[in-house]
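Line by line, the protein sequences are chains V and R. The numbering of the first sequence is the working numbering, which starts it at 474 and goes up by one. The numbering of the second sequence is the working numbering, which starts it at 132 and goes up by one.
Treat the hints as calculated values from the structure; they're not laboratory data. Just so it is clear, the structure is predicted and the values come from calculations on it, not from any experiment. There's no promise every hint is true.
[Said to hold, decoys possible] To list a few chain V residues with every Cβ distance to chain R over 10 Å, as calculated:
#1 W483
#2 L636
#3 G701
[To be verified] Computed footprint of chain V on chain R; a stretch qualifies when at least three of its residues, placed anywhere within it, have a C-beta under 8 Å from a C-beta of chain V:
#4 152 to 163
#5 174 to 183
#6 186 to 199
#7 309 to 318
C-beta atoms are modelled at their ideal positions from N, C-alpha and C, and glycine is treated no differently.
Residue-level listing of the chains:
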Amino acid sequence: MKGRGAIIAWRLVILVALLGSWEWLTGIKEVSRTPGLYWIDPFFVSRPSEILRRFVFLAGGEVRLTIWQMALSTIQSTLWGFVVGVSSGFAAGLLLGRNDRLARILEPYIIAFNSLPRIALVPLITMIFGFGLLAKIVLAWTIVFFIVFFNTFQGARSVDADLINAARFLGASERQIVRTVVVPSALAWTFASLTPSISFALIGVVVGEFLGGESGGGLGYLIIQSLGTLNAADMMVALLSLGVIGIVMALGIKQVEMRLLRWRPEYRERA
Amino acid sequence: MIGGLVAPTAGAVEIDGRAVAGVPPNAGYVFQKDTVLPWRTVARNIALGLEYRGVTGAAQERRVREGVRLAGLEGFEDAYPATLSGGMRQRVALMRTLVVEPEILLMDEPFGALDTHTKIGLHAELLTLWEAKHQTVVFVTHDLSEAITLADRIVVMTRRPGRVKLIYDVALPRPRDVIKLRESEEYAREYGQIWHVLGEEFAGAGA
Chain V
474 MKGRGAIIAW
484 RLVILVALLG
494 SWEWLTGIKE
504 VSRTPGLYWI
514 DPFFVSRPSE
524 ILRRFVFLAG
534 GEVRLTIWQM
544 ALSTIQSTLW
554 GFVVGVSSGF
564 AAGLLLGRND
574 RLARILEPYI
584 IAFNSLPRIA
594 LVPLITMIFG
604 FGLLAKIVLA
614 WTIVFFIVFF
624 NTFQGARSVD
634 ADLINAARFL
644 GASERQIVRT
654 VVVPSALAWT
664 FASLTPSISF
674 ALIGVVVGEF
684 LGGESGGGLG
694 YLIIQSLGTL
704 NAADMMVALL
714 SLGVIGIVMA
724 LGIKQVEMRL
734 LRWRPEYRER
744 A
Chain R
132 MIGGLVAPTA
142 GAVEIDGRAV
152 AGVPPNAGYV
162 FQKDTVLPWR
172 TVARNIALGL
182 EYRGVTGAAQ
192 ERRVREGVRL
202 AGLEGFEDAY
212 PATLSGGMRQ
222 RVALMRTLVV
232 EPEILLMDEP
242 FGALDTHTKI
252 GLHAELLTLW
262 EAKHQTVVFV
272 THDLSEAITL
282 ADRIVVMTRR
292 PGRVKLIYDV
302 ALPRPRDVIK
312 LRESEEYARE
322 YGQIWHVLGE
332 EFAGAGA
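Construct all of the structure, not just a fragment, from the sequences and the given hints.
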């Protein structure tokens, strides 16, 4: 397609312009004022060439913890938190969505727990689960669970009653109704929550890694370590890596979503 | 009420001498609204009732194929409902109900949302299918022509609170041809008689 090519070209232009001006502005000295200072100080924001140099260094075998190991650790924690959060959130949403009484009983507790800023739980979670993988999964879970839960809950409640009656007339048992009508119907809602969920899982994991120290050794650790050594280049390497990881994961979810919801006209057109 | 979805305020509903409690196992229901499951293909929708009743494998496949053929949807087996027209979706809904061979077929304005053209086509299909099995059909409609075309007996209801106004036996021979029927004098006579009764009901609306 012609329009698509143009869009990609524009994206590349913006990328080059951004990187170019970053490299250029951090390179020119600001002579008029204090000598030795730059227009934009690379001490704080580093420079693309320096970031690339550090990336190659961190990717090589000479460091104790390569960027690959750190990225892998972060991805692993994120995916675990995501999977545990989504499955438990989905199950709970389905259960409470189909059980009005239970939903009403638990409502204040759910709201109370959900309005608690999850970051505030980090020290407690660390105290209980230590600095390792488990603590990060738990942290990601506490966020993801609620996102998926609320969406699935809504989805399970808004199942068309006529579809359920129709299934009943065709001889469906309650379990069959849940499997063939309620779950597929709620899934459309659940999927809407998956893309934000993976982002929030990543947030939870990185915050966990800030505190986790070297034992976890993810990209969040690299960020904190760079803060300790005032190394903006390493920090940028970590941030850019996190960005790439986030995009790839979101795209992966989109693929699964398009496949499972292919019955919806809006997905068919895009596929 | 016959379907067990709503309990009667007074009196009782019995099918073959047994009171209705919950959805009767031998009844099929075709809704006014489109109740085809959008996430299942045509074939999988028609298979739904068989699946619920534990009919699997080759037996299921054979009956689904038969259903698809009777619905005139060959070539659309793997299509999702979103890509079908309203008439096609309603044929899926009808066939999905018929493949489990209910003894009683409840139809609540099933063709209400369709255009006249599609509707008459479905009347013909319904009559053909009925000739083969002679199920009991309870068909709710606001369309008098539809009622006369299909029914042996018409029950006219009053406006709210919906009491029985008239029970009328349609004296038209079967099998009926949906097109020719409407041109016949007998049809015009039956239409006129019931229309007169309906007229009284309409006239009362302003009072």
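Going down the list of hints, with the structure as the test:
no.: 1; hint: W483; in the structure: holds, 33 Å
no.: 2; hint: L636; in the structure: violated, 6 Å
no.: 3; hint: G701; in the structure: holds, 52 Å
no.: 4; hint: 152 to 163; in the structure: holds (count 6)
no.: 5; hint: 174 to 183; in the structure: holds (count 4)
no.: 6; hint: 186 to 199; in the structure: violated (count 0)
no.: 7; hint: 309 to 318; in the structure: violated (count 0)
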